[in-house]
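In case you want the letters, here they are:
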Amino acid sequence: MSAIETVRDRYRTFDDQRYAPLVKGVALFGLLAALPTIIEIDVAGMELAALLSLKVLILTVIYAYTAQAWNIMSGYTGQFSFGHAAFFGIGAYATQALVVDAAVNPWIGMLVGGVLAGGYGLIIGALSFRFKLQGHYFALATLAFAELLRFVVTNMSELRGANGYFKAFPRDYGAEYGLVAFQFQNDLPYYYLIVGFLLVVTLVSWLIKNSWVGLYFFAIREDERAAASVGVPSFRYKLIGVAVSAFFTALGGAYWSMYFNTIRPDTVFALFKNVELLLPAVVGGPGTLLGPIVGSFIVTPVSEIARTTFSDINGLDRIIYGAFLVAIVIYSPRGVVSWPSQARALWERVRGDEEVNE
Amino acid sequence: MGKTLKSSTSNRRRFLKATGASVAALTLAGCASDDAGNGGGDSGGDSGGDSGGSGGDTGTTTGTPEQSVDEVIIGSNHPLSGSLAATGVGMSNAIKLAAMRKNEEGGIESLDGAEVTVIEGDNQGAQELGGQVSEELLSEGAHVLTGCYSSPVTTAATQVAERQGVPFVISIAAADNILQGRDFNYVYRPQPPARRLASDYADLVPSVIRDGGGTIDTAGLFYINNSYGQAIRDSLREFLPEQNVEIVEETAIEFGASNANTQVSRLRSADPDTIIATTYVAGGVLLAQALQDQDYRPPYLTASASATFTDDDAVSDIGEFANGVLDNNYALNPTVDKTAEVRSQFLDNYDQEFSASVGMAYTAAEVIIQAVEEAGSVEPDDINEALKGLSYEDHISAMGAIEFDDQGENVNALGPVNQVQDLSVKVVYPEEYAEADPQV
Amino acid sequence: MGHLVTSVAPLPLQGGGLGRFIDPFVQFLTDITNLEPVLLQLLAFGLLLGGVYALTALGLTMIFGVMDVINFAHGVFLVVGMYSVWLVSEMAGISPFLGIPIAAAVLFVLGVVVHVLTVEPIIEAPQQNQLIATLGVLFIIQSAIEIVFTPDPQQVELSLGSIQVGGVFIPLGQFYALVIALGTMLAVRAFLNRTDLGRKIRGTADNRDGARYVGINVRRINYLTFGIGAALAGVAGGSIALFQRFDPFTGETYLINAFVIVILGGLGSFPGAFVGGLIVGMIQVFGGYYLPGTTAQVLIFLLFIGTLLVKPEGLFGGAEA
Amino acid sequence: MLELSGVRAGYDDIEVLHGVDMHVDEGEIVALIGSNGAGKTTTMRTICGILSPSRGEITYRGEAIHSKASHEIVERGIVQVPENRDLFTNMTVIDNLLLGAQTEEAKADRRENLDEMLELFPRLAERKNQRAGTMSGGEQQMLTLARALMGEPDLLILDEPSIGLAPHLVQEVFDVIEDIHAQGMTVLMVEQNVQQTLKLADRGYVMENGRISMTADGDELLEDEGVVEAYLGV
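Protein chains in written order, with the UniProt record's numbering: chain A, 1 to 358; chain B, 1 to 440; chain C, 1 to 321; chain D, 1 to 234.
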């Protein structure tokens, strides 16, 4: 038995253990927690920080978070939403409107935003599923619901129209810089906060995936009619998927609004925000737990590296980034996380052939 | 990522970008190679070439491990690609030009002729890159920052400067609350923000018209429906009634709209004494087009903070019809010789229009250079102190001495009145900056 | 123009309570009962704008209808059309009208290339993959234009002016675009209905498996369709360049409205695209006239959602292309 | 004429055919029977290039065709009447028929063939300008068959041609099949109407779990106890 096979078999033995997900989770989030330190480590005169700054890390984890939230609905139940900016924006706006106009602590505002977004998600879902929208039609409907909000908010002076909100100071709502205020004076706490967010949504996602709810979700994704025929209440479970996903996406929007200081309809409800929120999940592997996280650690750094490497010609980085997107969906339509199993399948096929030949 | 760097590098922290404006000048000459051929007699090319040999070599190969006082690095954080790039590139070029001119004069005097270098970062007009690019520019050694044109991006960018205690002089960013009520200690804005521009409109334009014997009792607003358009609209609503001008109609145009027919129909049926346009270049062109198509023109066609009627290209695109338009916007000061000089140098070097926005960025860079000159140091806090006490008169913008208040706003910021006369944009009011009399 | 000044719309202050929703409709009804001449003018503008929108949707509906691919690069295809016409007229000094067929040819080739390189390999993959692939194409082409032609806005030197018919102003640039839209629509419709290739395209749109069972080379139909769809975008972009300044980013606003129109009219339906375009144009014009700000766009999205829910196959869905 | 050896195929990760071996000779009617999910339709789809086999070989007149696209297979003379018909439902009957003629030869003859089909299926002639989707199931089945014949196949593959049809229509379909076979066409068919099919067929294959479990003459199969029990419900 070759060394590789030994390792592989050991890994499989480990993988079968009940504690395996816990160990993997701890390892993953341990790594995430250590990243700000790791990027500062000097290896042969090179620091990773030269490529990945803390700000880029934060952005990466934000999109890992939103993609994970998107994944609960679209990856698990197969209802491809192209309008998650709606929920993201609701979270951002609820937080800022409450904190700026009513001095409500942003944590409370965030939860209010989550609930509002969940409600909006239920409306979208109830209408779309009642009328049996599928595929492109469903995607376009969700997009329309998001674009609708962009124009509504732009034209509503009650929500400060196109000017949007500037974040208030902690003292304006009776707090001091720190966790309670949801505001910090440097980036590191913001990083750990969003890693914490990611941990929570990943945990929720894992719980769903490993429960009967997840089973129903997958059944709906694979064959909704068949699922319904064996008694899965698909309408209700799709709604659960939308609501949970919308709720968590809104929390991401709330974080965004606190971290970036200012929001406008054309920043949080932007057309391309819809894409940015879900892209890591599609690149990483929709419907998987690891996909959104791995995807984000590919998408965001690639765009960042392209930007810093090809900065001599303005715009060249977007060409590289575009080519990267095309390449990844062509060569890995099921996401990057499928690479190991594809490699394994290939390996086994090769070995299988050998056995047949013998 | 700085544009002055020729070879790319994986470690921007250690590997300082090309130092010395000589290299910058060479790169510029490269960019504007068309002009270098015929307009190369310009002294900038020569002096850049002279010192370029040695400066360029040491700059790109060794870099400087520590901040040394033989160069001052300005970090320019602007949208160099994406939908805002048309203006952003011009603004960044203006900042480079300001550095080049200073170096031609012998550099920063108080630092024994230290050269001014500009390193550029492209924020792509994206909010999430505003802070990131600021950090990159700082880690590349920038002593002071400027940017960013888009207000949300500027907010993110200034936040970084404030936290790190590095001065940030805003080139352009219109939103009032970037500075107001933010408690910033390191951020400054020479430019009049939206509210100031609108109040200047209300103060100046009606009196120009009335002084000329005209009547202006009613107005119709035509604005772009984004934050900048709405900010001006809100302020005009506040200030115009104080000058006895009633707003009888408001109509908005969407960014990227294909025409302004409906909006003009609406304005036409309200038939106000003046239409006040607040748009980017494209929106104003559409307005002019639709007005002509419907054979309508109010007694006074005016604009507040509109890019269209201070943009020579747009004015010539519109043609005849643009003549007579009164517009208040930040403007270049035509009464000083330096303006024409800078303008012609800019045109020679960059084959781009020296618009009011570009001119404002140029002024921001001069403010920075002047502050460094007065500080005699590249320490951020020294520069910051100098900015606080600054009173800079020798600039090319049509406004008084640039002095900052506690919030960092320029107390003498001004949006004077321009008029299109014979297809060229002329400052007509207040008189101290006027190059022509208003024709009412 | 004093004779038109009979109705002064109420000042539409945003944030004025419920009145802001009701007053415009009251005003609209009053104008109708008074037979305000401005209504006729608005109708004309709605028709013109609708024609332009319909034109921008033709290519999208073709690709969407036949291949079931949401082509995000459609907007930037329009932009390539604009630059083609501009290049032809500025550089070669040819009339911009002649530039339009050239733009169509350029876009046909570009469309085929884009299709073969990016869409064909994943035509059977989940739909979101095609969406992201075309998004990548959008980034690539848009930035390439930006690098080659700078981000500065461009304009075709052509002042067409307007004519006045019975008190109604008709801007000629948009009028020509409407004529081109109608002509193109009829030509493509004739091509689809009267030629063998057209029938094969319709068949493939109708039932891809069916097309394969009868032996249609579906791959070939795919790239031809994508090419023709792109060429239609070229015609649309070229026509828009007749009356509008443009930059590398102009396509994005048209893209979203084109999606709305395609769904309103029904996938793959050319008359549907035309009617959808008219509806969106009319709402923008009348909504823009009576409603504050850009509230009209809210109506358009509500209509869009309503159509998706109640009649997702569109007004002309199910009918022949 | 047609030979399958060791054909494995399926959808995504799921293999449905685990090595199918069968052949059809010139002029034969061959029937493929088996329970639901045995892999009959998958076999038919694989032959016509709608699915491509992961392993194994399909040859037609000595030429390997398993890696060819469906239109290339049609060009070689294999045309299928698919199980779910796959008609162009939004197009007229005439359009559907015309689309059936894709090869050069078929195109050359298509006017004559069209007339012939309208003669053969009078119901279609009555509805020739109607949209296919608006017709009854029986009419649609006729149209599918006629559309396939418009392609002038040498080998006609029929996948459940009588499914969901009223008894008198079933008989009509079988009459047509017999008729065209009599004119020399080779036929491979899948049918749930086992008895009638096996009577018509020269040979039959029984398929179970993605493999051929037995093969014999049609009459022999009709007498085989296992087959009778499993598929004839006696």
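Treat the hints as calculated values from the structure; they're not laboratory data.
Built from N, CA and C at the ideal position, the CB exists for glycine as well.
One or more hints might be untrue.
One side only, chain C facing chain B, incomplete, derived with CB under 7 Å [said to hold, decoys possible]: (1) Phe45; (2) Pro151; (3) Asp152; (4) Gln154; (5) Ser162; (6) Gly166; (7) Gly167; (8) Phe169; (9) Gln244; (10) Tyr289.
Now the hints, each set against the structure:
| no. | hint | verdict |
| --- | --- | --- |
| 1 | Phe45 | holds, 4 Å |
| 2 | Pro151 | holds, 4 Å |
| 3 | Asp152 | holds, 5 Å |
| 4 | Gln154 | violated, 10 Å |
| 5 | Ser162 | holds, 4 Å |
| 6 | Gly166 | violated, 14 Å |
| 7 | Gly167 | violated, 11 Å |
| 8 | Phe169 | holds, 5 Å |
| 9 | Gln244 | holds, 5 Å |
| 10 | Tyr289 | holds, 5 Å |
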